[in-house]
Amino acid sequence: MDSAERSKQPLEAGDEAGLIVAAQGGDAAAFGRLVKLYQRAVYRVAYGITRNASDADDLAQETFVRAYQAIRRFRVGEPLHPWLARIAVNLAFSLYRRRKRRPETSLEPLLEAGREFAGTDDPAENVAKRERDRHLAAAFAELTEEHRAVLVLRVVEGMSYDEIARTLGIPGGTVMSRLSRARADLKTRMKARTGESS
Amino acid sequence: MTHLTESELSAHLDGALPPRDRERADAHLATCATCRDALARLAAQDRSLAGVLEHDPGETYFDAFAARVENRLRAAGLAGAQARAPRAGGAWGWLHSPRALTWVGAAAAVVVGAGVVMMTGREVEMQNLHRPNWTEHRAPAPPSEGTLRADKKAAAPQPPVTQDKESNAKNEVTRALGSNAPSAVGDLDRKAGAGHVVEVKRNEIGEEAPVTRERAFASPPPAAAPPVSEGGAVYARKERRAEPAGGAKPEMEKQQAERPVDALANPMTAQEATAAVRRCGTVHDASGRPVQGAQVIVAETGASVSSAADGSFCIEIPPNGRTLIAMAVGFEAGLRALPSGDRSALALTLRAVPVVGDGLALKTGEAAPESRLKLNSGTTSGQRDERSSDSAAEAPLGAAKGLAFSTPAPRAIAMSDPFAALPESARISVSTARILEVEAGRAKSASQYEGAALMWERALRQSPRSAAANDLRYQIALARNHAWRIEPIRERAIAALSSTSDFLVHEPAGPRHDEAAGWLDPLRWGATRASYR
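Quick note, the sequences are listed as chains A and B, same order. Under the working numbering, the first residue of the first sequence is numbered 1, with each subsequent residue one higher. Under the working numbering, the first residue of the second sequence is numbered 1, with each subsequent residue one higher.
Calculated from the structure, these hints are not laboratory results. Take the hints with a grain of salt, since some may be wrong.
The following residues of chain B were derived to be distant from chain A, with all beta-carbon distances above 10 Å [what the hints assert, rightly or not]:
hint, residue
1, 3
2, 20
3, 33
4, 46
5, 51
6, 72
7, 73
8, 309
9, 443
10, 469
11, 498
12, 509
13, 511
14, 513
15, 515
Covered by chain B, per the in silico footprint, the following chain A stretches (three or more residues, Cβ under 8 Å) [to be verified]:
hint, stretch
16, 16–22
17, 141–147
18, 152–161
19, 171–182
Every residue gets a Cβ at the ideal spot worked out from N, C-alpha and C, and that includes glycine.
Take the sequences, apply the hints, and build the full model.
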């Protein structure tokens, strides 16, 4: 899920800018197209941080509602993806701050079912992998918000450091160090859980 | 040799090392199995993590996603402004398939406990929003037809000079934050908005988007005003909330202007407690003639103003105000969503009720003099703005009632709308109730459902012998049931029990009777329990 895939979306940068300008001018259909273009990306971010389909659904929708309200202040020419991701990330964190708890630590049943099919033919290996994934999910959930966000944006969204910097409003250098610490932290926690590193 | 650090490995994995560092790292990796291994483990961890963090809800989900966003926007009263093209199946054209519609329905059902009701509410609202009664012309609209004149007038109330007279520093803050404006200066304003980003970047949406625009969604919608008392103080609700004394408008403005300060002091309310926004505009008919005495109502609060002789009005939109309702004798009522942050002048076009005789007579202002009288009598205080703003703020109730009795039988709003034939005053209540219900369903707010119930009750009082009286009773019972289900306290159970019984008595048979009868048992149970709030 890297930027290569995102760029497969059938839109040139100019077209996107055109849609944004149209949306800023009140063209709802243009905004609708933007929604279609970025719905998966926004959902991925929302799900990555919440790891709960229902929350992700709610956050993804809400992200576009906010975007709709704010689209006129969006500076045309800047990338839209980090802007939307930023809204999603902030919404996700404020959701958990409101609830005063961390995301689910278990994998969603749906997700687990999917995993089973996606696994290899060796049942034992599948079980082991699911077990590892479960630990990984739990370890990830223990990370700080900052670390979770930066990992989701990089690992799931495949954002560049520059895009991550824009999304989180931090300098590029900070992205580099934060990602490094997040990965190290995750590794440590996995080690503590499984006795091996991932 | 020194191994690569965690940081270098991580950056290398992302291809983010500066060229020289990268060369050095590659050279090291070529000879160091330990670091290669570490890098490989890091990469594997990333891959596993991506697997754990990704979830594909499927094509069906994404097919319907945009429609659901649209639905949510509309439920929030945000989409109407965009719904210019009168089309049946989704004004934005996002609704592509029946499957999408199913999703919309499903979503609504999930959002609200008893989804059916809310879906009804939404649909009705959507119809209203779709009705092409209203068109909004932003001030810089191309010069065409009769609207140009109106636009100029509408834009006129905006000059800073006027505002400065009454503004204080806080007020300026508000405007600065919300800075979007009227017209040809849109671009500048946009930049200005961006410039303020720093100031407000702590809000949820981040620096690209100042607080004022997001407040509608940044936090749960504000709780509904305390239940309106008997006696139809409905139109005073907003004042009551903003300012318990319900005093003169200058005071009210001052209070509202102070809100941003509160907002800064209390981050939790930063997004919702921004100040009221003053919007001005004109009401005119399809041919561009000003409509005098039209009621312009903030649906969420019931606050209203009426338009002056030249059709102009100014109204304070509280932070939670997202929908304007406008009604005038001889015209169909219209809803206008207010995208938050939008400050442009509103040019509202009302469509005449197509009852030829009455319509023509009324359209040319036959009913207006009466409203005008009421307006004049109501405008004793502070003539700050010689445009209708003062009358606007003060005139509401009398004029609203004045509208009611002189209304010709209104044409059906929609064939399916049982309330279309109600007197206009009752229809205002109905519209407000519906909007409150949509809001209540979205926010799962018991008090807003109660507000809606009060509006339904008000409509019933306004037309007790209407053919739709039972429909109103049903809505009352339904709203009270919702309120109770969201926050089951004993008082609510009793109120719901009472309204449900009232409906059952009046409708002794039929599917709705059976449905409502099913509500009784849980309510009785709830009514006998001690309140555990």
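Here is how each hint holds up against the structure:
1. 3: Check passes; 14 Å lies beyond 10 Å.
2. 20: The assertion about residue 20 (chain B) holds, with a minimum of 15 Å to chain A.
3. 33: Residue 33 (chain B) is indeed farther than 10 Å from all Cβ atoms of chain A, at 16 Å.
4. 46: violated (5 Å)
5. 51: At about 7 Å from chain A, residue 51 (chain B) fails to clear the 10 Å cut-off, so the statement is violated.
6. 72: violated (5 Å)
7. 73: Per Cβ check, residue 73 (chain B) is inside 10 Å of chain A; nearest 6 Å; violated.
8. 309: Given that every Cβ of chain A is farther than 10 Å from that of residue 309 (chain B), nearest at about 30 Å, it holds.
9. 443: holds (13 Å)
10. 469: Holds, because the least Cβ-Cβ distance between residue 469 (chain B) and chain A comes to about 37 Å, which exceeds 10 Å.
11. 498: Fine: 35 Å to the nearest Cβ keeps residue 498 (chain B) off the interface.
12. 509: The claim holds: residue 509 (chain B) sits with its nearest Cβ about 40 Å from chain A, beyond 10 Å.
13. 511: holds (32 Å)
14. 513: holds (35 Å)
15. 515: holds (28 Å)
16. 16–22: With 0 residues closer than 8 Å to chain B, the stretch 16–22 of chain A misses the three-residue bar; violated.
17. 141–147: Per the Cβ count (0), the hint is violated.
18. 152–161: holds (count 6)
19. 171–182: With 5 residues close enough to chain B, the hint holds.
Comparing the model with each numbered hint stated earlier shows that hints 4, 5, 6, 7, 16, 17 do not hold.
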